[in-house]
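Novice: All the letters of the sequence shown, read from the start, carry residue numbers 576 to 740 under my numbering.
There's no promise every hint is true.
[Said to hold, decoys possible] Quick list of in silico lysine-lysine cross-link-like pairs, DSS-like style, CA-CA up to 27 Å:
1) 697 <-> 687
2) 702 <-> 680
3) 687 <-> 702
4) 663 <-> 646
5) 687 <-> 663
6) 650 <-> 663
7) 697 <-> 681
8) 687 <-> 676
9) 723 <-> 733
If you are wondering where the hints come from, they were derived from the structure by calculation, not from laboratory data.
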Amino acid sequence: METQEAKRADVAAAPATATGGEAVKPAAGDAGAVTKTNAADGPSAPAGKAATPTGSVDRDAILANVELERKLAQKKMSSILSWENTRKAAIEAKLRTQEEKLERKKAEYAEKMRNQVAAIHKAAEEKRATVEATRHEERIKYEEMAAKHRSKGTTPTKFLSCFGS
576 METQEAKRAD VAAAPATATG GEAVKPAAGD AGAVTKTNAA DGPSAPAGKA
626 ATPTGSVDRD AILANVELER KLAQKKMSSI LSWENTRKAA IEAKLRTQEE
676 KLERKKAEYA EKMRNQVAAI HKAAEEKRAT VEATRHEERI KYEEMAAKHR
726 SKGTTPTKFL SCFGS
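Please model the entire structure based on the sequences and the hints provided.
Specialist: So this is what it looks like as structure tokens:
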């Protein structure tokens, strides 16, 4: 990149007028570019003569205008960058919020599934306990019946009906 002094030296070294009475001026947006204006646009020095102090003032005004436009463009670029960063931050915040919301839903759903598994396990344990209790009661009942038949010395008729009398 050229420095400001180098740009000013380039503009100062360039001739103030071109042949045919046309003045050479840099464009408003570009410090290095030159455009031709008609002689009727403003006073110009005769061909071959050095620039007058008025031309130097014009160059200074043009350079000041170019510098001002550069600063305005830089300010606009900064503003655009700031706008972009603000929008990106807003979108990223919204994304984080959605991700947190989804994580909470996922955790709630996982907890719900764990609770269902625990409920199923509890129901299965209760059913097992019921079956064990029923088996235990039947066993006690049959043991009591066997003890009764042993004490009387009889054979259960209902149980061995095929051997009946």
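Novice: Work down the list of hints and note, for each, if the structure agrees.
Specialist: For each hint, the structure was consulted:
no.: 1; hint: 697 <-> 687; in the structure: holds (15 Å)
no.: 2; hint: 702 <-> 680; in the structure: violated (33 Å)
no.: 3; hint: 687 <-> 702; in the structure: holds (23 Å)
no.: 4; hint: 663 <-> 646; in the structure: holds (25 Å)
no.: 5; hint: 687 <-> 663; in the structure: violated (36 Å)
no.: 6; hint: 650 <-> 663; in the structure: holds (20 Å)
no.: 7; hint: 697 <-> 681; in the structure: holds (24 Å)
no.: 8; hint: 687 <-> 676; in the structure: holds (16 Å)
no.: 9; hint: 723 <-> 733; in the structure: holds (14 Å)
This entry does not satisfy hints 2 and 5, going by the numbered hints stated previously.
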